[in-house]
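Sequence order for the protein chains is A and B. Note that the working numbering numbers the first sequence so that position 80 is 80, with each residue one more than the last. Note that the working numbering numbers the second sequence so that position 42 is 1042, with each residue one more than the last.
Calculated from the structure, these hints are not laboratory results. Glycine included, each C-beta is placed from N, C-alpha and C at the ideal position. Any given hint could turn out to be false.
[Claimed, not checked] Computed cross-link-like contacts, DSS-like style, restricted to lysine-lysine with a CA-CA straight-line distance of at most 27 Å: (1) B:K1097 <-> A:K9; (2) B:K1052 <-> B:K1068; (3) B:K1105 <-> B:K1056; (4) B:K1105 <-> A:K9; (5) B:K1060 <-> B:K1109; (6) B:K1068 <-> B:K1105.
[Stated by the list, open to error] Quick list of simulated restraints, FRET-style, between CB atoms: (7) B:L1013 <-> A:T7: 29 to 39 Å; (8) B:A1053 <-> A:G51: 26 to 36 Å; (9) A:I54 <-> B:E1069: 32 to 42 Å; (10) A:T103 <-> B:L1013: 20 to 30 Å; (11) B:K1097 <-> A:N28: 18 to 28 Å; (12) A:S67 <-> B:E1015: 44 to 54 Å; (13) B:K1097 <-> A:S67: 15 to 25 Å; (14) A:F10 <-> B:T1012: 23 to 33 Å; (15) A:T86 <-> B:E1008: 16 to 26 Å; (16) B:T1071 <-> A:T86: 31 to 41 Å.
[As the list claims (entries may be wrong)] Pulled from the structure, derived: some chain B residues nowhere near chain A, Cβ distances all over 12 Å: (17) A1017; (18) T1024; (19) D1054; (20) G1061; (21) F1062; (22) R1067; (23) D1084; (24) L1106.
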Amino acid sequence: NAGVTQTPKFQVLKTGQSMTLQCAQDMNHEYMSWYRQDPGMGLRLIHYSVGAGITDQGEVPNGYNVSRSTTEDFPLRLLSAAPSQTSVYFCASSYRWEPPRETQYFGPGTRLLVL
Amino acid sequence: GNSVTQMEGPVTLSEEAFLTINCTYTATGYPSLFWYVQYPGEGLQLLLKATKADDKGSNKGFEATYRKETTSFHLEKGSVQVSDSAVYFCALYNFNKFYFGSGTKLNVKP
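Construct all of the structure, not just a fragment, from the sequences and the given hints.
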């Protein structure tokens, strides 16, 4: 298994540009989520999904969109990038019903710089 | 609401010293509690977990006990190694969402 993969590893954007961060997992996990990691603030949940076709907001959803058309993929879209979205983004996945079902596997992260 | 508070770092210890990283939480209902570790340039890895009160999670010499009466989940290790140098995150899971603390950086000197 490749586990959780994220692309790109690093991206530079100009203010106002849009882009999609890709996340994929090959473990047949129902639950997938996106976090951003900022210095001194830990990880904050942006959006999550409990299965294909189902998404919901986390703590900091503004400026981001997600969709979940397949079990494997969970892309994160920045509609109009802002400097405040400069961060490291992590995707994670887990089985929803595995006991204990809350074990998450994290991707390697995408470092985003918005100028 | 749900939140996690952990001690600020960095924590600097000599090899073989005893480690404690404090973590307290606020939550409704019955959350599960976790410690994750992040090595430089990598994603987070699950270190240990506890899913109900009085459970003790353990892994690689690290331990933490879910204390509902004090709403705490402190991480301990009896003898740290240089290879334990990393950032440690306390987290809780409740109603489909994870909440993370701000992280504590541990530096272990030979």
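* Asked: Taking 12 Å as the cut and beta carbons as the points, is T1024 of chain B off the interface with chain A?
  -> With a cut-off of 12 Å, T1024 of chain B remains clear of chain A, as the shortest Cβ separation is near 14 Å.
* For the pair supplied as a hint, K1105 of chain B and K9 of chain A, is the alpha-carbon distance within the 27 Å limit? -> holds, 23 Å
* To do: Report holds if the minimum CB distance from R1067 of chain B to chain A is greater than 12 Å, and violated otherwise.
  => Its Cβ never comes within 12 Å of chain A, the nearest being 18 Å, so this holds.
* Sort out whether K1068 of chain B lies within 27 Å of K1052 of chain B, counting only the CA atoms. => holds, 9 Å
* Taking the minimum C-beta separation from L1106 of chain B to chain A, is that value above 12 Å? -> holds, 15 Å
* Asked: For the pair A1053 of chain B and G51 of chain A, does the Cβ-Cβ distance stay inside 26 to 36 Å?
  -> Distance hint for A1053 of chain B, G51 of chain A holds at roughly 29 Å.
* Asked: Would A1017 of chain B pass as off the interface with chain A, using Cβ distances and a cut of 12 Å?
  -> holds, 25 Å
* Holds or violated: K1097 of chain B to K9 of chain A, with C-alpha atoms at most 27 Å apart -> holds, 25 Å
* So the hint says 31 to 41 Å: do the beta-carbon atoms of T1071 of chain B and T86 of chain A match that? -> holds, 34 Å
* Quick one, are K1060 of chain B and K1109 of chain B close enough, alpha carbons at most 27 Å? -> With a Cα-Cα distance of about 19 Å, the restraint between K1060 of chain B and K1109 of chain B holds, given a limit of 27 Å.
* To do: Given the range 18 to 28 Å, decide if the beta-carbon distance of K1097 of chain B to N28 of chain A lies inside it.
  => With Cβ atoms ~22 Å apart, the hint holds.
* In terms of Cβ atoms, is chain A entirely out of 12 Å range of D1054 of chain B? -> holds, 15 Å
The structure fails none of the hints (numbered hints given earlier).
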